[in-house]
Structure formats: C-alpha cells, structure tokens
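Colleague: First to last, the protein sequences are chains A and B.
Here the numbering used here is used: the first residue of the first sequence is 1, the next is one more, and so on.
Here the numbering used here is used: the first residue of the second sequence is 1, the next is one more, and so on.
What the hints contain is simulated information worked out from the structure, not anything from laboratory work.
Be aware that a few hints might be false.
Said to hold, decoys possible - Just a few of them, taken from the derived set where beta-carbon distance is under 7 Å, the chain A residues facing chain B: (1) 51; (2) 55; (3) 56; (4) 90; (5) 102; (6) 109.
Claimed, not checked - Derived pair list, reagent style PhoX-like, types lysine-lysine, alpha-carbon separation capped at 25 Å: (7) A:40 / B:42; (8) B:42 / A:22; (9) A:52 / B:98; (10) A:19 / B:42; (11) A:36 / B:98; (12) B:56 / A:41.
Yeah, the Cβ is synthetic: ideal placement off N, Cα and C, and Gly gets one too.
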Amino acid sequence: ETGVTQTPRHLVMGMTNKKSLKCEQHLGHNAMYWYKQSAKKPLELMFVYNFKEQTENNSVPSRFSPECPNSSHLFLHLHTLQPEDSALYLCASSQAGTADTGELFFGEGSRLTVL
Amino acid sequence: QKEVEQNSGPLSVPEGAIASLNCTYSDRVSQSFFWYRQYSGKSPELIMSIYSNGDKEDGRFTAQLNKASQYVSLLIRDSQPSDSATYLCAVRDSSASKIIFGSGTRLSIRP
Chain A
1 ETGVTQTPRH LVMGMTNKKS LKCEQHLGHN AMYWYKQSAK KPLELMFVYN
51 FKEQTENNSV PSRFSPECPN SSHLFLHLHT LQPEDSALYL CASSQAGTAD
101 TGELFFGEGS RLTVL
Chain B
1 QKEVEQNSGP LSVPEGAIAS LNCTYSDRVS QSFFWYRQYS GKSPELIMSI
51 YSNGDKEDGR FTAQLNKASQ YVSLLIRDSQ PSDSATYLCA VRDSSASKII
101 FGSGTRLSIR P
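Next up, chain A with everything else stripped away, as it sits in the complex (with noise of 0.2 Å):
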C-alpha cells in the first residue's frame, strides 16, 4: 500500500467510448503525476500537476484529457482512443515546495486496452 490508489485497475473500451482513470493520493503531497507505460519504452511522462495547476503537458494527445480538482485527486478522461493507446497508465504523487525531494510515490497503475 502506497498511499496512492488507482481506479480502475484493468479497462477495456472501444475507440469511440469514453472512460476516465481515477486517481487519489493520501500522502498529503501537493504534486501529482500521470505516466504512461509500454512493453519496452520507457515510462513516458504525460502532465503534471503542482497545487493543482497543470505544470507539464508532455505533448500528450487531445484524446487525453487530465482533470485536478484538489491536491488529493487526478483524474485522466480518455475519448476516441487508438489501440495503440494500450499501455499502464501510472498515476504518482510527491511533495511540491521547500520540501520537494523529487520522490514519487506511484499508484498500481490501470490496465488499459483499447480494441
């Protein structure tokens, strides 16, 4: 258990649905992050959140849509998504401001395969 809790854990939608990705810290940090990961990439950073201001969109599609209403939770609206779209999604979180370590403390990830 890592504090950070990933909703739901396995996805399987179409490439006209629409689903989201939820994602909730309860660590008390003030930074979260989504990453997505492929077989044999690298995870790929795709936003990121400090105090709930986007701070990095890593070029990510507009199919990907990430939604902050709080510290504590993140949200990651998907739509029209392509197979190739299939991957881990990780959501993480760390501590923003003068006690910023860097650290991230990752979630368990959602499955996701898009048909």
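Starting from the known structure of chain A, arrange chain B on it as the hints suggest.
Modeller: Chain B alone, transformed into the frame defined by chain A:
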C-alpha cells in the same frame, strides 16, 4: 532530448553476489537521481535517492553518483532471489519539472 540510458539486461547474478546496475544521463545540470524497483505486474517503488557526488548506503543497497561523468549506479550486496526485478533509473531535469526514466535493467538472481 534529455535522456537516461540503461542496459536492458537481463543481468544474471548468483545469490549472495553483488549486483551492479548502471545508468548514464544527458542533462549535465541534473541535481536529483533515483532508483526504483519494479516487480513484474507491479508499479515502481522508490528504493534510493541521491543528490550529491559519492556513495549513499541504505542496508544492502548503495547508490553511487559521479556528476562529472554523468553516471549513477546501484550496487546490491548479498543479492537475494527477491531482488529479481526491473530496476529503473530516474533523473530530475534541470528545470525540476520533469522526472525522466530510463527503460530499466532486468535483474535475475539465480539460486
């Protein structure tokens, strides 16, 4: 493009021996370096962070950083079968906004 490079392995080490994992990075002014362990089917777990040149020890793990050579390594002493996993090297870039990961080295400890 800032990069973090690791040998993908697999690296096979006998039980009880020292496992040595290496990583190089391209951003010369990076300040923060991390090692994560990822078991198959699980998410990455932080095992070491290092911020200054030299060695940092934590139990059986030692991280080594050489900023002049842009090189960071992880030594695992007295390797156990439970150490078998993929080890990810991560570097925070100079803007401090991104943490960039290598593709990982798969380590196998053979009994």
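Colleague: The structure should be examined with respect to each hint, and the outcome stated for every one.
Modeller: Right, here's what the structure says about each hint:
1. For residue 51 of chain A, the shortest C-beta to C-beta distance to chain B is roughly 13 Å, which exceeds 7 Å, and the interface hint is violated.
2. Interface hint at residue 55 of chain A: satisfied, since its Cβ lies 6 Å from the closest Cβ of chain B, which is below the 7 Å cut-off.
3. Annotation: residue 56 of chain A was flagged as interfacial toward chain B, and the flag holds, the nearest CB pair being 5 Å apart, inside 7 Å.
4. For residue 90 of chain A, the shortest C-beta to C-beta distance to chain B is roughly 6 Å, which falls under 7 Å, so the interface hint holds.
5. Against a cut-off of 7 Å between C-beta atoms, the interface hint on residue 102 of chain A holds, since the closest Cβ of chain B lies about 4 Å away.
6. Below 7 Å, beta-carbon pairs count as interface contacts, and residue 109 of chain A has one with chain B at about 5 Å; its hint therefore holds.
7. As the CA atoms of residue 40 of chain A and residue 42 of chain B are separated by approximately 15 Å, the hinted pair is consistent with the 25 Å bound.
8. As the CA atoms of residue 42 of chain B and residue 22 of chain A are separated by approximately 18 Å, the hinted pair is consistent with the 25 Å bound.
9. For the hint linking residue 52 of chain A to residue 98 of chain B, the alpha-carbon distance of about 16 Å falls within 25 Å, and the restraint holds.
10. For the hint pairing residue 19 of chain A with residue 42 of chain B, the CA-to-CA distance comes to about 23 Å; that is within 25 Å, so the pair holds.
11. Note on residue 36 of chain A and residue 98 of chain B: the hinted pairing holds, with a Cα-Cα distance of about 14 Å set against a maximum of 25 Å.
12. A hinted pair counts as satisfied when its Cα atoms are at most 25 Å apart, and residue 56 of chain B with residue 41 of chain A does not qualify at roughly 28 Å.
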